[in-house]
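Each chain, letter by letter, is given below.
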Amino acid sequence: MNRNLVFYVALSGLLLAACGGQPGPDTTPTEDAGGIQIVLVADDFAAGQPRVPLVLYAGTERVADVQRVKLTAFDLADDPPTPGWTGEATNYSDYEVPYWVAYPDLPHAGFWGLGAEITLGDGSVTQAEFVLEAQERSSSPAVGSVPPASENRTLETVPDIAKLTSGDDPIPALYQMTVAEAMASGKPTVVSFATPAYCTSKLCAPVVHSVEAVYAELGDEVNFIHLEIFKDFANLDYADEVEEWKLTSEPWTFVLDGEGTIVARLGGPVSPRELTEALTPLLP
Amino acid sequence: MSTAAAHTALLDAEPAPGARLSSPPAEVRLTFTEALQPGSTFAIFGAVFDEIEGVEPQVDPGAPQQMAATIPPLDPGTYTVQWVAVGDDGHKVNGSYSFSIKSGPSLGNLSPQEWFGALFAVGFLGWFVYRRLSQRSA
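Top to bottom, those sequences are chains S and H. First residue of the first sequence? That's 105 in this note's numbering, and the numbers climb one at a time after it. First residue of the second sequence? That's 1143 in this note's numbering, and the numbers climb one at a time after it.
To be clear, the hints were calculated from the coordinates, so they are not data collected in a lab. Incorrect hints may have been included.
[To be verified] Here are the simulated PhoX-like pairs of lysine-lysine, each with C-alpha atoms no more than 20 angstroms apart in a straight line:
{"#": "1", "chain 1": "S", "residue 1": "K306", "chain 2": "H", "residue 2": "K1234"}
{"#": "2", "chain 1": "S", "residue 1": "K267", "chain 2": "S", "residue 2": "K335"}
{"#": "3", "chain 1": "S", "residue 1": "K350", "chain 2": "S", "residue 2": "K335"}
{"#": "4", "chain 1": "H", "residue 1": "K1234", "chain 2": "S", "residue 2": "K350"}
[Said to hold, decoys possible] Stretch-level coverage of chain H by chain S, calculated; a stretch enters the list once three of its residues show a Cβ under 8 angstroms from a Cβ in chain S:
{"#": "5", "region": "1153-1165"}
{"#": "6", "region": "1182-1194"}
{"#": "7", "region": "1227-1238"}
[Unchecked claim] Here are the computed distance ranges between Cβ atoms for each label pair:
{"#": "8", "chain 1": "S", "residue 1": "T384", "chain 2": "H", "residue 2": "G1188", "range": "41 to 49 angstroms"}
{"#": "9", "chain 1": "H", "residue 1": "E1156", "chain 2": "S", "residue 2": "E325", "range": "12 to 20 angstroms"}
{"#": "10", "chain 1": "S", "residue 1": "P187", "chain 2": "H", "residue 2": "G1196", "range": "21 to 29 angstroms"}
{"#": "11", "chain 1": "H", "residue 1": "A1189", "chain 2": "S", "residue 2": "G214", "range": "17 to 25 angstroms"}
{"#": "12", "chain 1": "H", "residue 1": "G1188", "chain 2": "S", "residue 2": "E255", "range": "46 to 54 angstroms"}
{"#": "13", "chain 1": "H", "residue 1": "L1153", "chain 2": "S", "residue 2": "E255", "range": "38 to 46 angstroms"}
This structure is a prediction, so every number in the text was calculated from the model and none was measured. Every residue, glycine too, gets a C-beta built ideally from N, C-alpha and C.
Take the sequences, apply the hints, and build the full model.
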């Protein structure tokens, strides 16, 4: 047989192997492996069992079809980080942007890693992680504490409701009482700090609507107070209560029992169902 | 207190969320819906929340909606980018996403085509050498 022929056949085989291989290093993504983003939609977390609300995104679109979110907390003070609490987040889809809420057990202040195992609607499972910092104490009033008995503006002191809220169709009942009056009434109270017009995100703007929806159901049994974030819409000066309660962001919704003690502090989005769940144990 | 006119959202990321890269990226670049204010930053975590050192994000002065950092060479594995974005309104938003880096090529990673080509070439080279040696000894 012609040696040259053998040589060229062998060379062809080598070339075939070379060309059939990978084209060389490149950074182009070759496959999209889930790509879920976790966004924390509140802050001011404290050690204990803080409420951690989160929203899942794929790109800029919310991931709608999620069956389950299971979380595990890792203590980042340990080396290597050790897994601790494991639990499932609760989905609240009765809100303009459906969100998930978990109450991880974080025994001490510091940085905590939360690993999420996300089961999508088609049954596939993807992983995601995020880190949050738990403070020794929250900046705003904590669960179990008695908040400031604010003497906020009401329709009695400021008859023009447009000065009490930036909402465009407010319910007057939410602007009747001061926090001090509500705390002295013996009834549970919802105090919601929100700015309907100045927080245009779908995450925070609907909070007052949630409060209004639950007021429609429980208005006879519970006091409902909406506190606008700003006392001056021209200069965007903060309302006195915002600083009095030491809020680090908004919206924040607090649920107080009949004795004026905070039983739930709900930062960020709050759906009507979640708010009702927080109130139910307080109802006669 | 940080107030919210609109929440800053992650518009684009390189590497993208969920990307599976053939080789480590030289930088991570995040683009948001609003110009970023001081306090905006990100960190990268490897396995079990092991923070990658040497990552120093900077807001791009020519593109204030972007922040980027060069990153040290990363081993194959899955990484989480955890970001904090402070928008014009002072509102802080936290988010995270993951990308992964595939292992480099090895015999275990060869495709069937690559295997065939390699065996074909080795087989014929071996036959050729055998024939040459046989002729010399004859």
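Right, here's what the structure says about each hint:
For the hint linking K306/S to K1234/H, the alpha-carbon distance of about 16 angstroms falls within 20 angstroms, and the restraint holds. Our distance criterion of 20 angstroms between C-alpha atoms is met by K267/S and K335/S, whose separation comes to about 7 angstroms. With a CA separation close to 16 angstroms, the supplied pair K350/S and K335/S stays within the 20 angstroms bound. Of the supplied pair hints, the one linking K1234/H and K350/S holds, its CA atoms being roughly 16 angstroms apart against a limit of 20 angstroms.
Under a criterion of three residues with beta carbons nearer than 8 angstroms to beta carbons of chain S, the stated coverage of the region 1153-1165 of chain H is upheld, 10 such residues being counted. As drawn, the region 1182-1194 of chain H meets chain S at 5 residues by the rule of a beta-carbon pair under 8 angstroms; at three or more, the given contact holds. Given as covered by chain S, the region 1227-1238 of chain H passes the check, having 6 residues with a CB less than 8 angstroms from a CB of that chain where 3 are the minimum. The hinted window of 41 to 49 angstroms between T384/S and G1188/H holds, with their beta carbons roughly 43 angstroms apart.
For E1156/H and E325/S, the Cβ-Cβ distance of about 53 angstroms falls outside the hinted range of 12 to 20 angstroms, so the restraint is violated. Distance hint check for P187/S and G1196/H: the Cβ-Cβ separation is about 27 angstroms, which falls inside the suggested range of 21 to 29 angstroms. Separated by about 20 angstroms at the C-beta atoms, A1189/H and G214/S satisfy the suggested range of 17 to 25 angstroms. Look at G1188/H against E255/S: about 52 angstroms separates their beta carbons, and that is inside 46 to 54 angstroms.
Under the hint 38 to 46 angstroms, the C-beta atoms of L1153/H and E255/S, about 43 angstroms apart, fit the expected range.
Consistency with the previously given hints fails for number 9 only.
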